[in-house]
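Since the structure of chain A is provided, determine the placement of chain B with the ligands on it from the hints.
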Amino acid sequence: MSSLELTNISKRFGAVSVFQGLSLTIAAGEFVAFLGPSGCGKSTLLRIIAGLERADSGEIRLGDQRIDTLAPGARGVAMVFQHYALYPHMTVRENIAFGLRNGGAPKAEIAERVAEAARVLEIGPLLDKKPGTLSGGERQRVAIGRAIVKQPRLFLFDEPLANLDAALRTRTRLELAQLRRRVRATMIMVTHDQVEAMTLADRVVVMNQGEIQQVGTPMQIYDRPANTFVAGFVGSPRMTLAPVGLVPGDARFATVRLGDGSQVSTRVPRADLPSEGLLLGLRPECVRLGPPRPGEPTAQVEFIERLGDRTLVYVKLGDGTAVTAEDKGASQAQVGQTVGLRLAAAAAHLFGPDGRGHHAAGRAG
Amino acid sequence: MTAAGVKGPSLAGFTPAGLAGVALAAAVMITPLLWTVGLSLKPNFELMRDTSSVFGPPYTLENYRAILANSNVFRWVFNSTVVSLSTTFGVLALSSLAGYAFARLEFRGRRALFVAVLLGLAIPEQAVIIARHQMFSALHLHNTYPGLILPGLSAPFGVFLMTQYFRGIPVELDEAALLDGASHFTIFWKVLLPLTLPAQATLGIFTFLASWNDYWWPLISATRSSMFTLTVGVASSQMNFAQTSGLGYLMAQAVFASVPILIVYALFQQHIVRAVAGAATR
Ligand SMILES: Nc1ncnc2c1ncn2[C@@H]1O[C@H](COP(=O)(O)OP(=O)(O)O)[C@@H](O)[C@H]1O
Ligand SMILES: [Mg+2]
Numbered sequence: 001m002s003s004l005e006l007t008n009i010s011k012r013f014g015a016v017s018v019f020q021g022l023s024l025t026i027a028a029g030e031f032v033a034f035l036g037p038s039g040c041g042k043s044t045l046l047r048i049i050a051g052l053e054r055a056d057s058g059e060i061r062l063g064d065q066r067i068d069t070l071a072p073g074a075r076g077v078a079m080v081f082q083h084y085a086l087y088p089h090m091t092v093r094e095n096i097a098f099g100l101r102n103g104g105a106p107k108a109e110i111a112e113r114v115a116e117a118a119r120v121l122e123i124g125p126l127l128d129k130k131p132g133t134l135s136g137g138e139r140q141r142v143a144i145g146r147a148i149v150k151q152p153r154l155f156l157f158d159e160p161l162a163n164l165d166a167a168l169r170t171r172t173r174l175e176l177a178q179l180r181r182r183v184r185a186t187m188i189m190v191t192h193d194q195v196e197a198m199t200l201a202d203r204v205v206v207m208n209q210g211e212i213q214q215v216g217t218p219m220q221i222y223d224r225p226a227n228t229f230v231a232g233f234v235g236s237p238r239m240t241l242a243p244v245g246l247v248p249g250d251a252r253f254a255t256v257r258l259g260d261g262s263q264v265s266t267r268v269p270r271a272d273l274p275s276e277g278l279l280l281g282l283r284p285e286c287v288r289l290g291p292p293r294p295g296e297p298t299a300q301v302e303f304i305e306r307l308g309d310r311t312l313v314y315v316k317l318g319d320g321t322a323v324t325a326e327d328k329g330a331s332q333a334q335v336g337q338t339v340g341l342r343l344a345a346a347a348a349h350l351f352g353p354d355g356r357g358h359h360a361a362g363r364a365g
Numbered sequence: 001m002t003a004a005g006v007k008g009p010s011l012a013g014f015t016p017a018g019l020a021g022v023a024l025a026a027a028v029m030i031t032p033l034l035w036t037v038g039l040s041l042k043p044n045f046e047l048m049r050d051t052s053s054v055f056g057p058p059y060t061l062e063n064y065r066a067i068l069a070n071s072n073v074f075r076w077v078f079n080s081t082v083v084s085l086s087t088t089f090g091v092l093a094l095s096s097l098a099g100y101a102f103a104r105l106e107f108r109g110r111r112a113l114f115v116a117v118l119l120g121l122a123i124p125e126q127a128v129i130i131a132r133h134q135m136f137s138a139l140h141l142h143n144t145y146p147g148l149i150l151p152g153l154s155a156p157f158g159v160f161l162m163t164q165y166f167r168g169i170p171v172e173l174d175e176a177a178l179l180d181g182a183s184h185f186t187i188f189w190k191v192l193l194p195l196t197l198p199a200q201a202t203l204g205i206f207t208f209l210a211s212w213n214d215y216w217w218p219l220i221s222a223t224r225s226s227m228f229t230l231t232v233g234v235a236s237s238q239m240n241f242a243q244t245s246g247l248g249y250l251m252a253q254a255v256f257a258s259v260p261i262l263i264v265y266a267l268f269q270q271h272i273v274r275a276v277a278g279a280a281t282r
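Respectively, the protein sequence lines represent chains A and B.
If you're matching positions, the first sequence starts at 1 in our numbering and goes up one per residue.
If you're matching positions, the second sequence starts at 1 in our numbering and goes up one per residue.
If we strip away everything but chain A, and leave its shape as in the complex, we get:
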């Protein structure tokens, strides 16, 4: 269990620059998720940490040791590959023992540690099978077994759940969470799935185009997105981002005017808020439907998604601004209907023209 410190990592593939001076610190024992869209550099960063890819510049420290100069096998890092990368011709036992054998561990110790890993992961009955005969979930466990048997200081998971079907994914997610409590090590997981990141990680590193957008606990990321990218990427369905104007005044909190003229009194402090080019951010659960009322925005229902326990209602304001609202499961809303929007204005976010987020005072974070 060691802390990880990335300093000024830069990496380019030919003409394509992936990272320019990326820095990040992960505490010992922390479970961190790299979250971002495909192609943003999550895997590359993981591979740089593992030593499978060389950074052009920068430094990596694991605990008090500099590891970017070491061979991959000497870094005390174990990785679970997206497609597991089990050795097809070896039995599960041989797969798990391979790393220990290369390290020259005594036979008795290898057997003991393999048995221990098999016990933790409940794969004892699979030990003499070949990977080809295992199901996806079983392969996943074996891949994890191959990692934990080395007792690494740092675990790396590349999209660990991406190859599993929906039912298995939920179960494996729970198992990963449990594994995490049993195996005390620093862990990094790469994922493009926000639910995985939010449910598993202590902290989430949101990335886009090779740059870290925000680092924070799942609730910080959700409640106080640092910028419009994070606001849009985390949360499903997406947060509504509507252009608004700032209503002049000297109250402590900003009041903004939507395109159709209706006003929203946020709890975002007016101080150091830019006066132009603002976007109002509203999560769907902060927009409810009701009969139209004076002083509240009214909108036309464009499209309805019934999810069973709740209903997503996509509406348009008078000026055409699109807003996503949430209604109860047995929603009465109908396409074409005119509805009133009840905004939970206290939970509204504002984003400046630079994309930076401004949040209600005193909320979690």
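Honestly, the hints are just simulated from the structure, not real lab data.
Note that the coordinates shown come from a computational prediction; the quantities given were computed from them, not determined experimentally.
All the pointers check out, no bait thrown in.
With the C-beta cut set under 8 Å, the calculated list includes, among others, these residues of chain A facing chain B:
hint, residue
1, P72
2, A78
3, F81
4, H83
5, A85
6, Y87
7, N102
8, G103
BS3-like, lysine-lysine: derived pairs with alpha carbons at most 30 Å apart:
hint, chain 1, residue 1, chain 2, residue 2
9, A, K107, B, K190
10, A, K107, A, K129
11, B, K190, A, K130
12, A, K107, A, K130
13, A, K129, B, K190
14, A, K328, A, K316
We put the CB at the ideal spot given by N, CA and C, even for glycine.
Structure of chain B with the ligands alone, referenced to chain A:
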């Protein structure tokens, strides 16, 4: 999916018409073989008169006795075995190493070198045989085992096959092994090479058969009877006019020369079926 899926022969999945077609094809294939074996069991003088005498007795092993009576025949079998096995293992070793290098290692001139290997595929033996003969003469390699083996070791097809096969193995396996602390040699030897076994079997079998059946180069290079391979030796005992020694004798020679191949087939039957069916089952 994998070759492990290939079991024994099965008639399931054939329609009656399909079955009849396959049976007919098999009959067409086996008839000349049976004909050859049949003729080899007949006394030569009877065949001189009429080859249809093959359908009735008398049968005899006289032709085989005549072959074995030739004192050199076991020497030739031995020579063929040495040459074919050496060629096969040499080709496997060189092709695997070269294939690994082309597929996995970064080095200057890799592309150019690979193209050069591929060009080797396009050059027929006939085009180089005189130069090769001169070279081996200069090196005093004629009538030696190296003289018979070395030309067969340049196997551009083997290098090509193994390169493609190594390329087909996910690099993630190498990377997993690197993280498992494996050296490059360990990765090659313990992780990748075992996975190329199907290709090794294919290449090995075809190399062995080609080497065993090769006639031209041994005919040119081995001029001393003690260095003949079986093909050359058998042919040499036919003298100028094949018929003088009799049709039955000729056929017995053909059968005799193919017995080792049959043994190889029996030993590696499974692998051969997979090798031939490989393209379909992978
Ligand atoms: N070996 C490589 N050669 C060239 N470009 C690469 C290579 N690996 C990754 N890239 C590029 O780097 C970027 C980040 O890729 P990756 O780290 O795989 O993204 P992610 O895992 O977030 O989907 C992508 O634009 C990708 O095309
Ligand atoms: Mg990736």
